[in-house]
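2 protein chains.
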Amino acid sequence: MTGHKVLLIGAGGVGTIVAYGIHLAGNSELSIVVRRDFAKVNDVGYNIDSIDYGIVEGWKPENIYPSVAAAASSGTVYQYVIITTKNLPDIAKVEELAEPVITPGVTVVVLIQNGFDLCRPFFDKYPKNVVISGITYVGSHNSGGSVHQTQPDRSFFGSGRNPYIPEDLQESKVKEFLSIYSNGRNKPVYITNEREYRYKKLIYNAAMNTSCALAGVDTGRLELSGALDAVAIPAMREIIAIAKADGINLPNDCINNAIHGDDGDWFEPSMLIDVKKGNPIELEVILGNVLRVAEELNVKTPCLSLLYGLLKAVQFRLRENQGHFTLPIDRPISERFYK
Amino acid sequence: MTGHKVLLIGAGGVGTIVAYGIHLAGNSELSIVVRRDFAKVNDVGYNIDSIDYGIVEGWKPENIYPSVAAAASSGTVYQYVIITTKNLPDIAKVEELAEPVITPGVTVVVLIQNGFDLCRPFFDKYPKNVVISGITYVGSHNSGGSVHQTQPDRSFFGSGRNPYIPEDLQESKVKEFLSIYSNGRNKPVYITNEREYRYKKLIYNAAMNTSCALAGVDTGRLELSGALDAVAIPAMREIIAIAKADGINLPNDCINNAIHGDDGDWFEPSMLIDVKKGNPIELEVILGNVLRVAEELNVKTPCLSLLYGLLKAVQFRLRENQGHFTLPIDRPISERFYK
Numbered sequence: 127m128t129g130h131k132v133l134l135i136g137a138g139g140v141g142t143i144v145a146y147g148i149h150l151a152g153n154s155e156l157s158i159v160v161r162r163d164f165a166k167v168n169d170v171g172y173n174i175d176s177i178d179y180g181i182v183e184g185w186k187p188e189n190i191y192p193s194v195a196a197a198a199s200s201g202t203v204y205q206y207v208i209i210t211t212k213n214l215p216d217i218a219k220v221e222e223l224a225e226p227v228i229t230p231g232v233t234v235v236v237l238i239q240n241g242f243d244l245c246r247p248f249f250d251k252y253p254k255n256v257v258i259s260g261i262t263y264v265g266s267h268n269s270g271g272s273v274h275q276t277q278p279d280r281s282f283f284g285s286g287r288n289p290y291i292p293e294d295l296q297e298s299k300v301k302e303f304l305s306i307y308s309n310g311r312n313k314p315v316y317i318t319n320e321r322e323y324r325y326k327k328l329i330y331n332a333a334m335n336t337s338c339a340l341a342g343v344d345t346g347r348l349e350l351s352g353a354l355d356a357v358a359i360p361a362m363r364e365i366i367a368i369a370k371a372d373g374i375n376l377p378n379d380c381i382n383n384a385i386h387g388d389d390g391d392w393f394e395p396s397m398l399i400d401v402k403k404g405n406p407i408e409l410e411v412i413l414g415n416v417l418r419v420a421e422e423l424n425v426k427t428p429c430l431s432l433l434y435g436l437l438k439a440v441q442f443r444l445r446e447n448q449g450h451f452t453l454p455i456d457r458p459i460s461e462r463f464y465k
Numbered sequence: 127m128t129g130h131k132v133l134l135i136g137a138g139g140v141g142t143i144v145a146y147g148i149h150l151a152g153n154s155e156l157s158i159v160v161r162r163d164f165a166k167v168n169d170v171g172y173n174i175d176s177i178d179y180g181i182v183e184g185w186k187p188e189n190i191y192p193s194v195a196a197a198a199s200s201g202t203v204y205q206y207v208i209i210t211t212k213n214l215p216d217i218a219k220v221e222e223l224a225e226p227v228i229t230p231g232v233t234v235v236v237l238i239q240n241g242f243d244l245c246r247p248f249f250d251k252y253p254k255n256v257v258i259s260g261i262t263y264v265g266s267h268n269s270g271g272s273v274h275q276t277q278p279d280r281s282f283f284g285s286g287r288n289p290y291i292p293e294d295l296q297e298s299k300v301k302e303f304l305s306i307y308s309n310g311r312n313k314p315v316y317i318t319n320e321r322e323y324r325y326k327k328l329i330y331n332a333a334m335n336t337s338c339a340l341a342g343v344d345t346g347r348l349e350l351s352g353a354l355d356a357v358a359i360p361a362m363r364e365i366i367a368i369a370k371a372d373g374i375n376l377p378n379d380c381i382n383n384a385i386h387g388d389d390g391d392w393f394e395p396s397m398l399i400d401v402k403k404g405n406p407i408e409l410e411v412i413l414g415n416v417l418r419v420a421e422e423l424n425v426k427t428p429c430l431s432l433l434y435g436l437l438k439a440v441q442f443r444l445r446e447n448q449g450h451f452t453l454p455i456d457r458p459i460s461e462r463f464y465k
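Chains as they are written, first to last, in this note's numbering: chain A, 127 to 465; chain B, 127 to 465.
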């Protein structure tokens, strides 16, 4: 097998569908990093039940590695490194996780992750590398190597706009990546405005996903309890204001699209599911990053900032429960004094 | 036994200590309503382990009733009805619960409950009755008739200021109640500014208690995670602003007193405990009432309103889980449309 050397890190629900899509396209030598399910996947491959690709049994890519270090030690210079892990910079920075497999000035990084302003840390660390920003609406879940894709792979790819290298080079890499990924059954779309797509997705994720996670309710109960109107809609308007200050006029129907996206379903968004499972939440990329941009642009964000403050305490609890730190038995007495 | 006919409704952790204090004072014929623990208490009485009163075994008041209706059917005209239940107007209104035992123009109602602006519904329903507002800092827990009082009974009693009857009559009833309650070991205090005490207690309850309940953390973790500064302190400042517009200047140290009240303890406030136990929260009296006053006084409350909106969704979930209502299997599709 010849072709582009492609490594995908994080072959869970979304990652496996991306990997299989690249495999079907047939233009790459595909490797993947699978951590939790390595033993099983390495042994029997993936079983996929996909709305795009049908039933696939025992699928394996060319190479399967249990870690990024193992993928690096093969000696391969990867032309593309696709990252489909969760993005949790307050726990492990993605740009550091991928460091062993990124060749400066060569490797194109493709970030298919939730959140906003994800490329910035890569430009700081790898100023000569192209980073492609991938926004996906695929619905897919992985359970120990059995992947169930329930919603078609609708994905949008654009240049992350590295300020240190020519934009036309970056655009050409986006187009090349689409040729690696398109297989006639998925429909990845080339875009030149990834930031607008990121903002649009934040309308849902920064406002509804966060509110549901805090209140412990799905989007239907958020609406029926009045919290959609009292909390999420004002938060959405703050995202629209930040985007506007950032030079992006979000379309008029963006709020409606967000609130009607789950019509008919008592839908539990990702952050709520993480909280219920006791997993860390993607708080920094969903709220922290956009709040830093709001501050740079002098946009007031009373709702989003309060949601962020409360979710920081939730994250603190989730991280403590996962053993990331241990507190003393006696609570330290604070020196703080307020007037 | 002669003396004032006193009925106490809600003999849990706080209520039992109040009842026992009245018993020791010896100026009343005391009846209590005990619902959940009636059978046991009626049989063997209370076992009390009290920082104020020591060990007391098998204590019973003159009369024990399993319901307000039973207390009413005794035919007694109660001179005092003390209410120490939780106050959950969105589930059951206290002024309706107590109706069978309130004689218009006669019965003095004593509300020893958490929250703010508790007397207003009584004045609307019983315009000729005195209502005494009791603010207590007692720490006491009841477990099936075994009561453990860990913090001394510090209580403050003032007129609720019924606008329909003379204030001097109300003040004299407060003083009379203190003579019924004081026993030389507890120290109930006569106050003429109950609203200020209610506001002071809201500094803690409307800001820290609510934030802890939403984030699922104790007050220590609220502080360490940054949410005390990001959420609770701004919410406290809104309470101070509402009080000020209401003509009450809260003391300079009120924020410090609130945040240092739990020094050294990983303390879980009441609303957090309710959420963890799946019990409804005292949301309306802790936040709803003060927000209605803020609106009347045109005070902006971005933090408190957002906390309220999120906690409405939490209350919705808690009430649904307790079977207060049932939702359809398919989520109804909303007609709402936002621009």
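A couple of the hints might just be wrong.
The list makes no distinction among identical chains, and a pair is therefore deemed to hold if it is satisfied within one copy or across any two copies.
Computed list of lysine-lysine pairs in DSSO-like fashion (alpha-carbon distance at most 30 Å, straight line) [as the list claims (entries may be wrong)]: (1) Lys426 / Lys403; (2) Lys251 / Lys219; (3) Lys370 / Lys465; (4) Lys166 / Lys465.
These are computed hints drawn from the structure, not numbers from a lab.
For the identical chains here, do Lys166 and Lys465 meet the 30 Å Cα criterion within one copy, between copies, both, or neither?
neither (59 Å within a copy, 49 Å between copies)
Classify it for me, Lys251 with Lys219: is the Cα-Cα distance of at most 30 Å met within a copy, between copies, both or neither?
Answer is within; shortest intra-copy Cα gap is 11 Å, inter-copy 61 Å.
Please work out whether the CA atoms of Lys426 and Lys403 approach to 30 Å or closer within one copy, between two copies, in both situations, or in neither?
neither (33 Å within a copy, 37 Å between copies)
Quick one: Lys370 to Lys465, C-alpha cut-off 30 Å, is that within a copy, between copies, both, or neither?
Between copies only: 15 Å across, 37 Å inside.
Hints 1, 4 from the earlier list are contradicted by this structure; the remaining hints agree with it.
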